[in-house]
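One letter stands for each residue in the lines below.
2 protein chains.
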Amino acid sequence: MGAIRYELIKTCKQSGARLGRLHTPHGVIETPIFMPVGTQATVKTMTPEELKEIGAQIILSNTYHLYMRPGEKLVEKAGGLHKFMNWDRPILTDSGGFQVFSLSQLRDITEEGVTFRSHIDGSKHFISPEKAIEIENALGADIIMAFDECLPYPCDYDYAKNSLYRTIRWAERCLKAHKNTEKQALFGIIQGGMYRDLREESVREMIKLDFPGYAVGGLSIGEPKDIMYEVLDWTVHLLPENKPRYLMGVGSPDALLEGVIRGVDMFDCVLPTRIARNGTVFTSKGKLVVRNAEYAEDFRPLDEECDCYACKNYSRAYIRHLFKAKEILGARLTTIHNLRFLLKLMEDVRQAIMEDRLLDFKEEFFEKYGYNEGKWTF
Amino acid sequence: MGAIRYELIKTCKQSGARLGRLHTPHGVIETPIFMPVGTQATVKTMTPEELKEIGAQIILSNTYHLYMRPGEKLVEKAGGLHKFMNWDRPILTDSGGFQVFSLSQLRDITEEGVTFRSHIDGSKHFISPEKAIEIENALGADIIMAFDECLPYPCDYDYAKNSLYRTIRWAERCLKAHKNTEKQALFGIIQGGMYRDLREESVREMIKLDFPGYAVGGLSIGEPKDIMYEVLDWTVHLLPENKPRYLMGVGSPDALLEGVIRGVDMFDCVLPTRIARNGTVFTSKGKLVVRNAEYAEDFRPLDEECDCYACKNYSRAYIRHLFKAKEILGARLTTIHNLRFLLKLMEDVRQAIMEDRLLDFKEEFFEKYGYNEGKWTF
Chain A
1 MGAIRYELIK
11 TCKQSGARLG
21 RLHTPHGVIE
31 TPIFMPVGTQ
41 ATVKTMTPEE
51 LKEIGAQIIL
61 SNTYHLYMRP
71 GEKLVEKAGG
81 LHKFMNWDRP
91 ILTDSGGFQV
101 FSLSQLRDIT
111 EEGVTFRSHI
121 DGSKHFISPE
131 KAIEIENALG
141 ADIIMAFDEC
151 LPYPCDYDYA
161 KNSLYRTIRW
171 AERCLKAHKN
181 TEKQALFGII
191 QGGMYRDLRE
201 ESVREMIKLD
211 FPGYAVGGLS
221 IGEPKDIMYE
231 VLDWTVHLLP
241 ENKPRYLMGV
251 GSPDALLEGV
261 IRGVDMFDCV
271 LPTRIARNGT
281 VFTSKGKLVV
291 RNAEYAEDFR
301 PLDEECDCYA
311 CKNYSRAYIR
321 HLFKAKEILG
331 ARLTTIHNLR
341 FLLKLMEDVR
351 QAIMEDRLLD
361 FKEEFFEKYG
371 YNEGKWTF
Chain B
1 MGAIRYELIK
11 TCKQSGARLG
21 RLHTPHGVIE
31 TPIFMPVGTQ
41 ATVKTMTPEE
51 LKEIGAQIIL
61 SNTYHLYMRP
71 GEKLVEKAGG
81 LHKFMNWDRP
91 ILTDSGGFQV
101 FSLSQLRDIT
111 EEGVTFRSHI
121 DGSKHFISPE
131 KAIEIENALG
141 ADIIMAFDEC
151 LPYPCDYDYA
161 KNSLYRTIRW
171 AERCLKAHKN
181 TEKQALFGII
191 QGGMYRDLRE
201 ESVREMIKLD
211 FPGYAVGGLS
221 IGEPKDIMYE
231 VLDWTVHLLP
241 ENKPRYLMGV
251 GSPDALLEGV
261 IRGVDMFDCV
271 LPTRIARNGT
281 VFTSKGKLVV
291 RNAEYAEDFR
301 PLDEECDCYA
311 CKNYSRAYIR
321 HLFKAKEILG
331 ARLTTIHNLR
341 FLLKLMEDVR
351 QAIMEDRLLD
361 FKEEFFEKYG
371 YNEGKWTF
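These protein sequence lines are chains A and B, in that order.
Numbered according to the UniProt record's numbering, the first sequence terminates at residue 378, and the numbering increases by one at each position without gaps.
Numbered according to the UniProt record's numbering, the second sequence terminates at residue 378, and the numbering increases by one at each position without gaps.
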């Protein structure tokens, strides 16, 4: 039984990519899928209805942030995260591990867990695997993540190896602490730095623990993309075919394509929403910085090929004006557009898998969208 | 002919308030009405569709701001303000007079016009009645306002008198400069400070100029409300019955009611949207500051009697969280709520006029909504 079930519909004959369905307590997700990030129980600038309109099937929210503010007990009192934020489709929460290691101050790691200071008010906190799961149980997401140590890049072999085994021990403790297995699926996270034997060892040990799904963690943290793809090549094919695979923190169009081709089903990243609020958008002709003066009198939509609300109703000139005038509607429109761009890309990817032509699709995408001309650096 | 036509449907037998319809090139407005303010070609945080959903029939935009940024010529190139901002219902633009006198630096008034420095970059500008109308013609709103001098409060009699006659001469020049009378209706503005004879003189002279509508200006600028109501008592009944009457800059529920009772048809104010972005909302129990700690675990809607999107879907606790976490959705929800509150109030006011019971309605409103207990100070 368990909270979720992954259904493999077909494998792309050309690329090996997987088309699937993930059944969750809040509905079915068509995979591969990109998950918009709603860090503080809101996808920045957007309503749930707007997310549905652009085709979002599942969103991610951040345990570290919600633990800090408003606190998981408040969310639990509100009836859980879905009800609190008015989102009735699936949610995934991370474990807080990544933020503890990247955002907080003065962290101190022991076998028991991590002591750190809040990035908001400097207050002291301790999170263990048990505590992380307790918080995630209170939040009530459909998919929750094990508490792991996120290594920096680069990281020396001995540290990576010791950390890996601790993360495996923490994973076991997470499984034992998890109290809501019928409504929340706990995913294990593959670590091991950029070392092949450690990644393989991580997969072997995690599979023994029989999680309902697996994430590949510790990537997209500053390493060259080639290295990320190499780690995926070593890792993903070893994971069980009947369970979903989630590549954490990846959201650039090229990396989504490369990840899917390597057998990944799920992705998340703040990139599309973060650059949107800064006035930068994805388009079918490459990156476009709509704040720039060259768009002051450009009355075309952000992307003439896009079907989103922003592109159907507003010009670059208007959106640029909104950014220059510091008007909130500007960030709303670019956020809708960037998320729609990625969700539409994933729709096209699923179609290409169905048609056994994902490698062709990738070449066409890179060619048409100016990828080979450097129009996609962020 | 002309651009607009006011149709008086009935007068409230109890209060004398007017129920009417204002026919404009972009549709019919049921009056009395409150107009949300979209200073920079956007009602802050909102889309046009959201404005329609809460029942907004007409919005106001500010000529001074649009002249400064992005410039009226750009808006004209975009096809006019309606098309630029994707709003197909009526728009009213002010003349820029109020902002020139309140926002800009180092203004210098002569018979010809006003020289001032931009509040954005300090650049020097000159606006005359002809220039103001030229800008408003380029923007293309359904209703445009004459360029006037807005007096400070208090203001001595001699200055107010001289200014009044200059504003009348400017009004004549505005009429002559107006190039688009079939698509844009130019309203005259009654000034005269807080002096009865000057207000009466202003009405007499403005009526001679035969504007298609009239505004009462120079109120809600810091004077006690009793004085504002007294000026309305002196002024409004002298205005032609067959033309719309607009009280500029008023948006608190009590002043809307008092204005309607004195024969006013149209109102605008930034109050509801400005306080919303600061976390303060109108409710049927008085003012509520949702940022306050007392709402941290309050899972009721902002106002249990409200039918808006925010109240139907979110709790005070969630909205408070959004404000504490500096999330844009918070300001979106409180803005929707406050505007809906005022638009619903005006719907109820129209119904009460229809039923000849607006004075009763006012008493009930003040009683029920805690007005007499000081719950409405902003």
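Treat the hints as calculated values from the structure; they're not laboratory data.
Any given hint might turn out to be false.
Below, computed lysine-lysine pairings styled on DSSO-like, alpha-carbon distance capped at 27 Å [said to hold, decoys possible]:
hint, chain 1, residue 1, chain 2, residue 2
1, A, Lys77, B, Lys324
2, B, Lys124, A, Lys312
3, B, Lys312, A, Lys77
Against the structure, the hints come out as follows:
{"no.": "1", "hint": "A:Lys77 to B:Lys324", "result": "18 Å, holds"}
{"no.": "2", "hint": "B:Lys124 to A:Lys312", "result": "38 Å, violated"}
{"no.": "3", "hint": "B:Lys312 to A:Lys77", "result": "19 Å, holds"}
In summary, the one numbered hint that this structure violates is 2.
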